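First to last, the sequence lines map onto chains A and B. Going by UniProt numbering, the letters in the first sequence line up with residues 1 to 217, in that order. Going by UniProt numbering, the letters in the second sequence line up with residues 1 to 449, in that order.
Simulated from the structure, these hints should not be mistaken for laboratory data. Just so you know, these numbers come straight off a predicted model, no measurement behind them. Don't take each hint at face value.
As the list claims (entries may be wrong) - A few chain B residues facing chain A, derived, Cβ under 8 Å:
hint	residue
1	Thr244
2	Gly248
3	Gln252
4	Pro338
5	Ser341
6	Asp342
Said to hold, decoys possible - Residues of chain A clear of chain B, computed beta-carbon distances all greater than 10 Å:
hint	residue
7	Ala22
8	Asn44
9	Ser93
10	Gly106
11	Asp135
12	Ser140
13	Ala167
14	Asp204
15	Lys217
Stated by the list, open to error - Pair by pair, the computed Cβ-Cβ distance ranges are:
hint	chain 1	residue 1	chain 2	residue 2	range
16	A	Asp144	B	Asn237	55 to 65 Å
17	A	Ala22	B	Pro301	41 to 51 Å
18	A	Arg164	B	Glu423	47 to 57 Å
19	A	Ala22	B	Gly267	32 to 42 Å
20	A	Arg139	B	Ala199	52 to 62 Å
21	B	Val383	A	Arg139	38 to 48 Å
22	B	Arg317	A	Arg139	14 to 24 Å
23	A	Asp71	B	Gly323	32 to 42 Å
24	A	Asp71	B	His322	25 to 35 Å
Every residue, glycine too, gets a C-beta built ideally from N, C-alpha and C.
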Amino acid sequence: MRVLLVEDDAILGEAVHDHVAANGHAVDWFRLVDDARNAALTTNYGLILLDLRLPDGSGLSLLRGLRAKGDATPVIVLTAHDQISDRIEGLNSGADDYLVKPFDLGELTARMLAVSRRHGGSSVSIIRLAGLEIDQRSRSLRVDGREVLLSGREWSVLDTLCGRIGAIVSKTQIEEALYAFGSEIESNTVEVYVSRLRKKIGRDRVQTVRGVGYSLK
Amino acid sequence: MAKRSFSITRRLTITLTGIVTLFWLMAAGFGMMVMQDEFTEIFDSALKETGERLMPLVVDDLLQQEASGGPRRLEAPTIAHGEDYLIYQVRDSGGSVILHSHDATQAPFDAPLQQGFHDTGDYRIYTAASVDGSIFVQIADAFDHRREAMIEGGFALLLPLLILLPASIFAIRFTVRRLLSPIDDLRLAIGTKDGGNMAPVERETLPPELQPIAHSVNLLLTRLRAALDAEREFAANSAHELRTPIAGALAQTQRLVEELPPGALQGRARQVETSLGKLARLSEKLLQLSRAEAGIGGGEPVDLSPILSLVIEDARRVPLAHGRLHVVPETFPPLERPVNSDAFAIVVRNLVENALLHSPPGSLVEIELQPQGVIRIVNQAAVLGSELLAGIRSRFIRGPTSAPGSGLGLAIVSSLVEQMGGELQLLSPAEGRQDGFEARIVLSGQTQR
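Generate coordinates for the entire structure from the input sequences, incorporating the hints supplied.
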């Protein structure tokens, strides 16, 4: 999925960025509220990691603004404010979870997964689907009992499709999940990676809904 | 020895009653002095008038009688009407007693035959002389009689004091209490001020004499509030400023561990990661301690049950707590107490963390909210000695454990619970068990005074 990271501390931001990217997610990293707001308004993110104290304002105002506009993108607040009152305010403002600095990157991954699953309506970390066994936590995949390795971009496509199993995921959503990997998104990039994924997990498992998107069956 | 202190009401009552009594006694004394002069004047006047009125009657009587050769004694009146105050003798120019009243002695008075007053040991005597100087009438009035009159007069002056003194004490006490009630109100208002209540003291309803005190107290409270706010702000900012670089260092180190190939370098990176983890925990405790020392415990009444639930929910996510927390009841009833919600969260977080860390792996930790608002956190640790139990609230004192910890948790908890006006009870073994450690938070429903 595509993740929006809002963190002004360069050292922490870089580590979180690299960690999330290493887990197969596309990450857009911004250090200012205004930049993050513009990005959130123009891009469909799967998750937002939000620091609260930023140079040009509070992350909570960004969160409230998004919720006021009906944006339900899951948000995990990353903050150095450990007070319970701050936390209650954050949750009341629409945050899905709250992680106090300093945190373990493994814990961050677990929270991201839990929030994404909750948001997607699923409550399990291992998805079993007609011969497929997808462990999102350990990022391992078995097809008919055989372990299959996926590249970061292929995981990103599969992860996006897993977010809404059986439902249609638009081409734009998959494009956005791939976007932050750095390379240019060509007009056929999504088709290329969907095709590669199909070769590894089985052609019939990813169905094309012409003119709309794709669906994992 | 400490000097015993009395209330202002008591001091004023005693002092005013003493002063009133003293003035009354002085007035009575002065009155008696005046009365004595007046009584002397009246008695002397009566004595003189009696002598001078008696003289013509005596002279006339003697002229009509033959000399009997001895003093004659008048008979007492047939109808007794008590002892006469005045007695008299009629004496000739030689000093012999010619006639005397029935209760006078036959022996002549010890007074010269000379017109005017004369005092003997027992009597004041007035001597009246006939025109030719041959007959003298001496009228005597006993000093006892005069003293008796003075005593009765003085007693009449003092009697109201004896009756009015208790009434005066009661009236003074009542008035003083009533007049001092604004001071009492001010005392109570100042007494309610603490870390959680620094609202200004009401000035408008106070008498003008007390308004400057209330004004000064309010100024002091404002300065104190600013200082405490600055201290709390500093603690909160320090938390932010300290946590972010530690978080950055820890995250970068964890990335390094991930990116390094297995080997010595990765081992070193893991050691750095472990140290940073310890640093993070220690800094967390020091920040909590600084906030406890800033006095954040008290506050406006707030429902603590959602905060308790939130802290327990957080604790459940820690790997150490998986499947170990047993919470009773499952849904907490409202628990409204005048405490700071963050301070309460720090207290519960520390106690749950301690209970998990210092008990056998996999053993249950019970968290119970009792109906009276008592929170019990019980683990299955080995029993602590009474000496250790007594000192375990002190900073850097730890039980016999190899579990990681700073030795600050219980000191922080103890300080915050005290600020909340509550009580922290530590028991080992836990109540109703042979083993275990029990921490019990008893929070009063009243605002801390």
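A quick look at each hint next to the structure:
1. Thr244: holds, 5 Å
2. Gly248: holds, 3 Å
3. Gln252: This hint holds: Gln252 of chain B lies near chain A, its Cβ roughly 5 Å from the closest one there, short of 8 Å.
4. Pro338: This hint is violated: Pro338 of chain B lies away from chain A, its Cβ roughly 16 Å from the closest one there, beyond 8 Å.
5. Ser341: Constraint on Ser341 of chain B satisfied, holds at 5 Å.
6. Asp342: With Cβ-Cβ at 4 Å, under 8 Å, it holds.
7. Ala22: Given a closest Cβ separation of 7 Å, the condition is violated.
8. Asn44: The claim holds: Asn44 of chain A sits with its nearest Cβ about 27 Å from chain B, beyond 10 Å.
9. Ser93: holds, 15 Å
10. Gly106: Since the minimum Cβ distance to chain B is about 8 Å, Gly106 of chain A lies within 10 Å and the statement is violated.
11. Asp135: Check passes; 18 Å lies beyond 10 Å.
12. Ser140: Holds: least Cβ distance 16 Å, greater than 10 Å.
13. Ala167: About 29 Å separates Ala167 of chain A from the closest Cβ of chain B, which puts it past 10 Å; holds.
14. Asp204: holds, 36 Å
15. Lys217: Consistent with the label, Lys217 of chain A stays out of reach of chain B, its closest Cβ about 34 Å off (over 10 Å).
16. A:Asp144 x B:Asn237: 55 to 65 Å: Between Asp144 of chain A and Asn237 of chain B, where Cβ atoms are some 57 Å apart, the hint holds.
17. A:Ala22 x B:Pro301: 41 to 51 Å: holds, 48 Å
18. A:Arg164 x B:Glu423: 47 to 57 Å: holds, 54 Å
19. A:Ala22 x B:Gly267: 32 to 42 Å: 21 Å Cβ-Cβ, so the 32 to 42 Å window is violated.
20. A:Arg139 x B:Ala199: 52 to 62 Å: About 56 Å separates the Cβ atoms of Arg139 of chain A and Ala199 of chain B, which means 52 to 62 Å holds.
21. B:Val383 x A:Arg139: 38 to 48 Å: This hint holds: roughly 47 Å between Cβ atoms.
22. B:Arg317 x A:Arg139: 14 to 24 Å: Holds: the Cβ-Cβ distance is about 21 Å, inside 14 to 24 Å.
23. A:Asp71 x B:Gly323: 32 to 42 Å: holds, 36 Å
24. A:Asp71 x B:His322: 25 to 35 Å: holds, 34 Å
Comparing the model with each earlier hint shows violations of hints 4, 7, 10 and 19; every other hint is respected.
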